[in-house]
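Enquirer: Line order of the protein sequences matches chains Z and R.
Residue numbering for the first sequence follows our numbering, starting at 1 and increasing by one per position.
Residue numbering for the second sequence follows our numbering, starting at 1001 and increasing by one per position.
Worth flagging that the hints you see were computed from the coordinates, not collected in a lab.
Accuracy of the hints is not assured; some may be wrong.
Below 20 Å or equal to it, Euclidean Cα-Cα: the simulated DMTMM-like pairs (lysine to aspartate or glutamate) are [to be verified]:
| id | chain 1 | residue 1 | chain 2 | residue 2 |
| --- | --- | --- | --- | --- |
| 1 | R | Lys-1010 | Z | Glu-109 |
| 2 | Z | Lys-100 | R | Asp-1007 |
| 3 | Z | Lys-9 | R | Glu-1052 |
| 4 | Z | Lys-10 | R | Glu-1052 |
| 5 | R | Lys-1010 | R | Glu-1039 |
| 6 | Z | Lys-101 | R | Glu-1052 |
To be clear about the criterion: a stretch of chain Z counts as covered by chain R if any three or more of its residues have a C-beta under 8 Å from a C-beta of chain R, and this derived list gives those stretches [claimed, not checked]:
| id | segment |
| --- | --- |
| 7 | 81-87 |
| 8 | 99-111 |
| 9 | 130-137 |
Just a few of them, taken from the derived set where beta-carbon distance is under 7 Å, the chain R residues facing chain Z [stated by the list, open to error]:
| id | residue |
| --- | --- |
| 10 | Thr-1009 |
| 11 | His-1012 |
| 12 | Phe-1017 |
| 13 | Leu-1022 |
| 14 | Met-1024 |
| 15 | Lys-1051 |
| 16 | Gln-1053 |
In this text, a Cβ means the ideal position worked out from N, Cα and C, and glycines have one as well.
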Amino acid sequence: MMNNLSENKKLSIICFSGDFDKLVAAFTLATGAAAVNYEVNLFFTFWGLNAIKTRKGRHFTGKGVLARIFNFLMGGINNVPLSRLNILGISPKLMNSMMKKRNVATLKELVGAAIALKINMYTCEMSMNILGMTLKDFIPEIKEVIGVSRFLEYSSGGERIFI
Amino acid sequence: MTIHKLDITKEHCPMTFVKTKLEMSKLKEGEILEVLLKEGEPLENIPKSLKEQGFEVLGISHIESDVYKVQIKK
């Protein structure tokens, strides 16, 4: 049988937040939609960039002293905080173990699923510029560095969500 | 004919859909996938979404308590 969906079914998510729970929501929606044949675009900007950095912990990446300090403070996917009740970073770790215990996909598993499903992932040119980062600072599955006009073009005709 | 098997009875949304989709992508045209899934959301929506994607749902059978088997042809 032929696959006949995907036409007119497109979901584009602007991943602005770098909060653990909001990233889980973004990746859950994205992978779920891709699994039922939506064309899915994830556009990472500002704090959202932390989820897809190559280096998953705290590192002085980027160009310039301030940018390097900022990148260290923000960290990578291992450091994303809960939007509420973060309790000095303990809660995301507790949440992660609860998710594993209940057999719910963790944030890292969801990112892995997004990669396996070949979801289109883009980074924001402007945010990267502020933070002195280049494409090599992100996972290799990032397709392209884009700006607003290109995002609007790619997401045209589908649903857009800001998280 | 090769019959592939997938057990998603312990999975939750969205991995129920994700694992089915990824497994289906491994199949060759004409091959069959047997998915073990639970009643409720997976049973209601996975066969429906597979049909929408153009696959043929050959049958749904009750295995035990809340577990069902769905046969899909690519």
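Enquirer: Confirm or reject each hint.
Expert: Hint-by-hint comparison with the structure:
Simply put, Lys-1010(R) and Glu-109(Z) have alpha-carbon atoms about 15 Å apart, close enough for the 20 Å limit, and the pair holds. Between Lys-100(Z) and Asp-1007(R) the alpha-carbon distance is near 18 Å, which keeps this suggested pair within the 20 Å criterion. Distance restraint check for Lys-9(Z) and Glu-1052(R): the Cα-Cα separation of roughly 12 Å lies within the 20 Å cut-off, and the hinted pair is therefore satisfied. Distance hint between Lys-10(Z) and Glu-1052(R) is fulfilled; the C-alpha atoms sit about 15 Å from each other, no more than 20 Å.
Pair hint Lys-1010(R) plus Glu-1039(R) holds up; C-alpha atoms about 12 Å apart against a cutoff of 20 Å. At most 20 Å may separate the alpha-carbon atoms for a hinted pair to count; Lys-101(Z) and Glu-1052(R) exceed this at roughly 33 Å. With 0 residues bearing a CB less than 8 Å from a CB of chain R, the segment 81-87 of chain Z misses the requirement of three and the coverage assertion fails. With a threshold of 8 Å between beta carbons, the proposed coverage of the segment 99-111 of chain Z by chain R holds, since 6 of its residues qualify and at least three are required.
Only residues whose C-beta sits within less than 8 Å of a C-beta in chain R count toward coverage, and the segment 130-137 of chain Z has 0 of them, not enough to reach three; the restraint is violated. This hint is violated: Thr-1009(R) has a C-beta 10 Å from the nearest C-beta of chain Z, more than the 7 Å allowed. A cut of 7 Å between beta carbons decides the hint on His-1012(R): the least distance to chain Z is about 5 Å, and the hint holds. This hint holds: Phe-1017(R) has a C-beta 4 Å from the nearest C-beta of chain Z, less than the 7 Å allowed.
Residue-level restraint check for Leu-1022(R) holds (minimum Cβ-Cβ distance to chain Z is 6 Å; threshold 7 Å). Against a cut-off of 7 Å between C-beta atoms, the interface hint on Met-1024(R) is violated, since the closest Cβ of chain Z lies about 9 Å away. Hint status for Lys-1051(R): violated, given a least beta-carbon distance of 10 Å to chain Z, over 7 Å. Taking 7 Å as the C-beta cut-off, the interface hint given for Gln-1053(R) holds, the closest approach to chain Z being about 5 Å.
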